[in-house]
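*Asks:* Spelled out from the first residue to the last, the chains are:
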Amino acid sequence: MLKRWIKVLSLFAVLSLFAAACGSSDSDSSDSGSSTASASAASDDEPAAEEDATEEEAAEEDAAEEATEETTPPPPQPKHGGTLVIATTQVGANVNHGVNSGIGIAQPSSKIFASLTHLDSNWEPQPYLAESWEVSDDSLTITFHLVKDATFHDGYSITSADVKFSIEVIQANHPFTGMWGPLESIETPDKHTVVLHLATPHPALWIATSDVMMPVMPKHIMDDGTPINEMRGHPNNVAGAIGSGPFRLTEYENTQKIVLERYEHFFIPDRPYLDKIIYVIVPDEDATMLGLESGEYDSGGYASVINAEKVSNNPDLVAIPDLLGGVGSLNHLQFNMANSIMSDLRVRQAIAYTIDRDYVINTLHQGQTMELLGGIHPSSPFYNENVERYDVDLDKARSLLYDAGYGDGLDLRINYIPGPNEQQRNVAEYIALALDEVGINVEVVQAADLPSWAGIFFGGPDAWHMTMNAYFNWGDPVIGVQRAYVCANIRPGVFVNNSAYCNEKVDELLYAAAAEPDVAKRKALYDEFQVITAIELPFYGINALPIFGANQLYVRDQPDGAWGPLSGMENIWLDK
Amino acid sequence: MTDLGIAIDSSTETGGRGAFRMFLRNKAAVAGLVVFTFIVLVTIFGPGIYGVEAHKMAAGPFLGPGDDAGPLLGTDYLGRDILAGVITGGRTTLFVAAVAGTMAMGLGLVVGSLAGYFGGWIDALLMRFTEIFQAMPSLLFSLVLIYLMGPGTWKETLAIGLTLWALPARLTRAEFLRVREMEFVKASRAIGSNDLRIMTRTILPNAMPPLLVAATLLVVIAILFHAGLAFLGMVDINTISWGSIMGKNRNYTLTAWWTVAFPGIAIVITGLSIALIGDGLQDAFNPKLRGR
Numbered sequence: 003m004l005k006r007w008i009k010v011l012s013l014f015a016v017l018s019l020f021a022a023a024c025g026s027s028d029s030d031s032s033d034s035g036s037s038t039a040s041a042s043a044a045s046d047d048e049p050a051a052e053e054d055a056t057e058e059e060a061a062e063e064d065a066a067e068e069a070t071e072e073t074t075p076p077p078p079q080p081k082h083g084g085t086l087v088i089a090t091t092q093v094g095a096n097v098n099h100g101v102n103s104g105i106g107i108a109q110p111s112s113k114i115f116a117s118l119t120h121l122d123s124n125w126e127p128q129p130y131l132a133e134s135w136e137v138s139d140d141s142l143t144i145t146f147h148l149v150k151d152a153t154f155h156d157g158y159s160i161t162s163a164d165v166k167f168s169i170e171v172i173q174a175n176h177p178f179t180g181m182w183g184p185l186e187s188i189e190t191p192d193k194h195t196v197v198l199h200l201a202t203p204h205p206a207l208w209i210a211t212s213d214v215m216m217p218v219m220p221k222h223i224m225d226d227g228t229p230i231n232e233m234r235g236h237p238n239n240v241a242g243a244i245g246s247g248p249f250r251l252t253e254y255e256n257t258q259k260i261v262l263e264r265y266e267h268f269f270i271p272d273r274p275y276l277d278k279i280i281y282v283i284v285p286d287e288d289a290t291m292l293g294l295e296s297g298e299y300d301s302g303g304y305a306s307v308i309n310a311e312k313v314s315n316n317p318d319l320v321a322i323p324d325l326l327g328g329v330g331s332l333n334h335l336q337f338n339m340a341n342s343i344m345s346d347l348r349v350r351q352a353i354a355y356t357i358d359r360d361y362v363i364n365t366l367h368q369g370q371t372m373e374l375l376g377g378i379h380p381s382s383p384f385y386n387e388n389v390e391r392y393d394v395d396l397d398k399a400r401s402l403l404y405d406a407g408y409g410d411g412l413d414l415r416i417n418y419i420p421g422p423n424e425q426q427r428n429v430a431e432y433i434a435l436a437l438d439e440v441g442i443n444v445e446v447v448q449a450a451d452l453p454s455w456a457g458i459f460f461g462g463p464d465a466w467h468m469t470m471n472a473y474f475n476w477g478d479p480v481i482g483v484q485r486a487y488v489c490a491n492i493r494p495g496v497f498v499n500n501s502a503y504c505n506e507k508v509d510e511l512l513y514a515a516a517a518e519p520d521v522a523k524r525k526a527l528y529d530e531f532q533v534i535t536a537i538e539l540p541f542y543g544i545n546a547l548p549i550f551g552a553n554q555l556y557v558r559d560q561p562d563g564a565w566g567p568l569s570g571m572e573n574i575w576l577d578k
Numbered sequence: 667m668t669d670l671g672i673a674i675d676s677s678t679e680t681g682g683r684g685a686f687r688m689f690l691r692n693k694a695a696v697a698g699l700v701v702f703t704f705i706v707l708v709t710i711f712g713p714g715i716y717g718v719e720a721h722k723m724a725a726g727p728f729l730g731p732g733d734d735a736g737p738l739l740g741t742d743y744l745g746r747d748i749l750a751g752v753i754t755g756g757r758t759t760l761f762v763a764a765v766a767g768t769m770a771m772g773l774g775l776v777v778g779s780l781a782g783y784f785g786g787w788i789d790a791l792l793m794r795f796t797e798i799f800q801a802m803p804s805l806l807f808s809l810v811l812i813y814l815m816g817p818g819t820w821k822e823t824l825a826i827g828l829t830l831w832a833l834p835a836r837l838t839r840a841e842f843l844r845v846r847e848m849e850f851v852k853a854s855r856a857i858g859s860n861d862l863r864i865m866t867r868t869i870l871p872n873a874m875p876p877l878l879v880a881a882t883l884l885v886v887i888a889i890l891f892h893a894g895l896a897f898l899g900m901v902d903i904n905t906i907s908w909g910s911i912m913g914k915n916r917n918y919t920l921t922a923w924w925t926v927a928f929p930g931i932a933i934v935i936t937g938l939s940i941a942l943i944g945d946g947l948q949d950a951f952n953p954k955l956r957g958r
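One line per chain: the protein sequences are H and V, in this order. Going letter by letter, the first sequence gives residues 3 to 578 in this note's numbering. Going letter by letter, the second sequence gives residues 667 to 958 in this note's numbering.
For the record, the hints were derived by calculation from the structure and aren't laboratory data. Treat the hints with caution; some may be incorrect.
[Unchecked claim] Here chain H is said to cover these stretches of chain V; the calculated rule only asks that three of the stretch's residues, wherever they fall, bring their Cβ under 8 Å from a Cβ of chain H: (1) 722-734; (2) 891-905.
[Claimed, not checked] Between beta-carbon pairs, the in silico distance windows are: (3) Lys821(V) x Asp451(H): 45 to 53 Å; (4) Gln560(H) x Arg794(V): 49 to 57 Å; (5) Ile935(V) x Asp464(H): 40 to 48 Å; (6) Asp410(H) x Gly726(V): 50 to 58 Å; (7) Gly717(V) x Lys259(H): 44 to 52 Å; (8) Asp464(H) x Lys821(V): 17 to 25 Å; (9) Ile715(V) x Gly411(H): 49 to 57 Å.
Cβ atoms here follow ideal geometry from the backbone N, Cα and C, with glycine treated the same way.
Using the sequences provided together with the hints, build the complete structure.
*Replies:* Written out as structure tokens, the structure is:
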């Protein structure tokens, strides 16, 4: 009996030793972690200075390398072959960005379908399927000359009729209605010339014709009697899609992986370099990190501040500070104004007065994200920070709720778009806690993946009250902002005007701004738009959402244009 | 006739009293029982005594256990009190484990006793059915069920209970097969007891000891299952349980170990105490140890 007792005691002793050992090692690492965090919080200068130093060192090293390379053999020549494995958290409903919007769709779409132009890092158009173009003096007529021997993946040649058809499909289906708004007519004088006639000057045209925005689709396959506004359901958007880009779609399981293979007869000779691109859908960002660290994935994106720190400390990975530069991703709370409770401005205002934006940015995000007040990305030249901020005022919130008839409390639901926890789930949970203070009881509703979250937009006015959503700017406000606010875009769909917000004055401002070639006047129009919408609250802006990326060292010539990895990737190659 | 029946039925009673004495002699099991009782009491009365609401922000986020500004066991990414979370979260975890364990045990008893008692085609049919469930990885099966039903405490309980019954079903069948051919069962049948009476009053008490041990094991498995599901984020985000605290904070394991460690320790201690109780039960019912 005594023996048994001693056995048990010793077991406990061993267990506690183990726990203590774990505890101490963990606390060591946590100490270092929290000290760096507090250092960066205390003074922004120090870590920044350190970064500069390391960058300089890196630059020096690069210079040294270049110097030696000049004397010895020339810089590494791009090599053919290899498979690029990209981990992504994003799932798309199809692979054609001409009929739907979303990162999960844009990623494969930009490889499978070619566009008229590329956008370089200065947002200037560069030749792609269009080898040259002319713009008339009044900016109302644009003539594109297509590459002569371009073919679709089934061997049919790409002609001006396909381009015309593709623009028509995009106009009829894509949520970004602003892209082609001023287009009056399309002429196709010959097989390789497309002439666009515009009603008004259209500064955003060069975004509309670029990479992800303008997939050139095969008319001979898609124009098969399917009504033009129902192209979203066409089979050429999923497995077996015939495209015009550098890669063919060979395998498509939209929640698991997408395999793209080199198209041998791509219209740019000797491209693409890669044999294969595989998108592996990894819903968990930490799994992406582990895969990158182990070398299982060649490239990946993530949005958490913690992982960003991890990558920058890993010498085996190349950190990309802003993976989706052109996308301009936003994080905001969206209200369902079709719902009888949320249509009351006082309720939305009460919510806005309760949420502490500074707490989210400085505490939850450790000061690593940018404040967002409206629908336009803070880095955009059109951003206006002089708008209603709804600084925290709980008494005002309570009295607004009382006036609205909810003095006894209110039950609401908040859904959140599946994504990085730090940005979506944690903020949704915080909002639920904050609203509890003013008598609003909030249930946080989680969704397993993007499509099941998006289901709320098809469930009628009572399917949702609020959702943490992430509309992206997609370059110009005409594209990414206008769609979420104009009355005409209140329709079933995702990333359209899901708030069901409608204000004629706002419509007027947005349409005027879309056609205004003068930048200063344009800014004035967008400024006023932001002032109005910040008060009326179809959205409550929280923060700009950073998307970081990481590549293995051997991934070379990562696309550096405005769309980054959302462009054709015909130039990327593997140095191994 | 009835006299004989009662004598047979009550033959286990004296065994039961002896078993309790045996249990008390196993000090480890008694320690397990004490710890487990303490944990149950804490989850029932603790939240009221401690007075901090687990789902509310108590202080700044990521305060360590030693931090003066924060509560005793620190805070998570939203500044919620970990100690309050552990105390309150135990309710959900223990509730789910108890109900799911009972459910699995009940299902297993019914299926196993029918199969073991009647044999023949009933046995074949029920055991093939059980094998289907045994062949599936149970955690995966639970995940699928939750995916289909949606999260929610009762649904989680159902999803766990429905996947764990194959083990007790197999065990019950084996015990019934063993006991059903014994003399006293034949005697009971000879005096005209019907099937139900034989199954519930004659065989079951004699098959009980290993099943009781299995039941404690099931509860431990159910705790771990619920923690696993919660860790994977497949449980109701609005309900606090030990697993969900760990799951929500798992991204911060390296930067804020306390957010994951304390609920984890709670799970380990609870599981260990129940396992010790089970161990004691096994000893108690083991005739070879009697009279030692």
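*Asks:* Does each hint hold? Answer for all of them.
*Replies:* Hint by hint, here is what the structure shows:
Beta-carbon proximity to chain H at under 8 Å applies to 6 residues in the stretch 722-734 of chain V; the threshold of 3 is reached and the given coverage holds. Given a C-beta distance limit of less than 8 Å, the hint that chain H covers the stretch 891-905 of chain V holds, as 3 residues qualify and 3 suffice. Separation of Lys821(V) from Asp451(H) is about 19 Å and departs from the stated range, judged on CB atoms against 45 to 53 Å. Taking 49 to 57 Å as the suggested C-beta distance range, the pair Gln560(H) and Arg794(V) conforms, at roughly 56 Å.
For Ile935(V) and Asp464(H), the hinted distance range of 40 to 48 Å is satisfied, since their beta carbons lie about 45 Å from each other. Roughly 32 Å separates the CB atoms of Asp410(H) and Gly726(V), a value that falls outside the hinted 50 to 58 Å. The beta-carbon spacing between Gly717(V) and Lys259(H), approximately 51 Å, falls within the hinted interval of 44 to 52 Å. Asp464(H) and Lys821(V) have their C-beta atoms about 22 Å apart, which keeps the hinted 17 to 25 Å range intact.
For the pair Ile715(V) and Gly411(H), the supplied restraint of 49 to 57 Å is violated, since their beta-carbon distance comes to about 27 Å.
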